[in-house]
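**Q** Chain by chain, the residues run as shown.
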Amino acid sequence: MFSSSPGMSENTERGGRMKNKIKVFRAMNDLTQEDLAREVGVTRQTILAIEKGKYDPSLELAFRISIRFGVHIEEIFSYDTPVADATESEP
Amino acid sequence: MKQHTYFLLLGLIALLEVGIFFWSVENLEPLVMTVAVIIGVLAAWIIRQLVNEVIADERTHLITEKAALRTLQVLGVILFSYALGGVVISIRGEVFGPFSYQVARFSFLLMFIVFLMIFVYVLFLSWYERKYGARGEDEE
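Heads up: the protein sequence lines correspond to chains G and Z, in order. For the first sequence, the tail end lands on 1092 under the working numbering, and the numbers increase by one without skipping. For the second sequence, the tail end lands on 559 under the working numbering, and the numbers increase by one without skipping.
Watch out, some of these pointers could steer you wrong.
[Stated by the list, open to error] Computed spacing ranges between beta-carbons, pair by pair:
| id | chain 1 | residue 1 | chain 2 | residue 2 | range |
| --- | --- | --- | --- | --- | --- |
| 1 | G | E1075 | Z | K421 | 33 to 39 Å |
| 2 | Z | L528 | G | K1024 | 53 to 59 Å |
| 3 | Z | I465 | G | T1033 | 26 to 32 Å |
| 4 | Z | L429 | G | R1039 | 17 to 23 Å |
| 5 | Z | F531 | G | E1075 | 49 to 55 Å |
| 6 | Z | I510 | G | F1064 | 58 to 64 Å |
| 7 | Z | S545 | G | E1035 | 37 to 43 Å |
| 8 | Z | I465 | G | K1024 | 33 to 39 Å |
| 9 | G | G1016 | Z | P449 | 56 to 62 Å |
| 10 | Z | V507 | G | L1060 | 46 to 52 Å |
| 11 | Z | R489 | G | K1024 | 29 to 35 Å |
| 12 | G | A1028 | Z | L461 | 43 to 49 Å |
| 13 | Z | I537 | G | A1028 | 46 to 52 Å |
| 14 | Z | S500 | G | E1035 | 42 to 48 Å |
Honestly, the hints are just simulated from the structure, not real lab data. Ideal Cβ placement from N, Cα and C applies to all residues, glycine included.
Turn these sequences into a full structure, and let the hints steer you where they fit.
**A** See below:
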């Protein structure tokens, strides 16, 4: 589901794209980017980059963020299945 | 210590280093410059340990890795082309007049450095391949 290593957010080899709801969860928990960054051990710029979809976090960081919000990882992070995959699965 | 203070002190150290560099060149004192560089690096390392904010994380590491690889590729090609050109021109004869010997020597040295760079790169590649790979392990 997630890339095993972090990376600059680009369409993956299969054309999919990572999405996240960090901003929503941050608002729900009344946290600033600075607060979240400090709690999960990264810089504020990294949280900003993830929120803007410019950077895909590592699996470890994704887990740390989801643990901080007390939800399952897939509730925050999702993977947009490319259209090609959807048509492939059709009979 | 705050991150801003760290960068401020780092800038101050850099300014001091530049000042000492010029002073040692003016007064022909290479030892002062060498000692100043070592002390500067140590001071930078010590003040970095005092920072209680996150300065580098996985994203900054990734950016650094990408930038370093691109630098290696670009400089590798430029240095190799320059060295190869120098070697070829020098072998052909007295193209550079009285400086031909120096040009040839410098080009061969540059070529050696480029090959050393490639060798070190392959060593690190192999090291990280072992660290993060699973060569020779069968499927369980």
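**Q** Are the hints correct? Go through all of them and say.
**A** Results of checking the hints against the structure:
Between G:E1075 and Z:K421 the beta carbon distance is about 37 Å. The supplied range of 33 to 39 Å therefore holds. Between Z:L528 and G:K1024, the C-beta spacing of about 55 Å keeps the proposed range 53 to 59 Å intact. Between Z:I465 and G:T1033 the beta carbons are some 31 Å apart, a value that agrees with the proposed interval 26 to 32 Å. A beta carbon spacing of about 22 Å between Z:L429 and G:R1039 agrees with the range 17 to 23 Å that was offered as a hint.
Separation of Z:F531 from G:E1075 is about 54 Å and conforms to the stated range, judged on CB atoms against 49 to 55 Å. Between Z:I510 and G:F1064 the beta carbons are some 59 Å apart, a value that agrees with the proposed interval 58 to 64 Å. Under the hint 37 to 43 Å, the C-beta atoms of Z:S545 and G:E1035, about 41 Å apart, fit the expected range. Distance hint for Z:I465 and G:K1024: a CB-CB separation of about 38 Å, consistent with the stated range 33 to 39 Å.
A beta carbon spacing of about 58 Å between G:G1016 and Z:P449 agrees with the range 56 to 62 Å that was offered as a hint. For Z:V507 and G:L1060, the hinted distance range of 46 to 52 Å is satisfied, since their beta carbons lie about 50 Å from each other. Our hint of 29 to 35 Å for Z:R489 and G:K1024 holds, since their Cβ atoms are close to 31 Å apart. In this structure, G:A1028 and Z:L461 meet the distance hint of 43 to 49 Å, their C-beta atoms being roughly 45 Å apart.
Remark: the range hint 46 to 52 Å for Z:I537 to G:A1028 is upheld by a beta-carbon distance near 51 Å. Against the hinted window of 42 to 48 Å, the Cβ-Cβ separation of Z:S500 and G:E1035 comes to about 47 Å, which satisfies the hint.
Taken one by one, the earlier hints all hold for this structure without exception.
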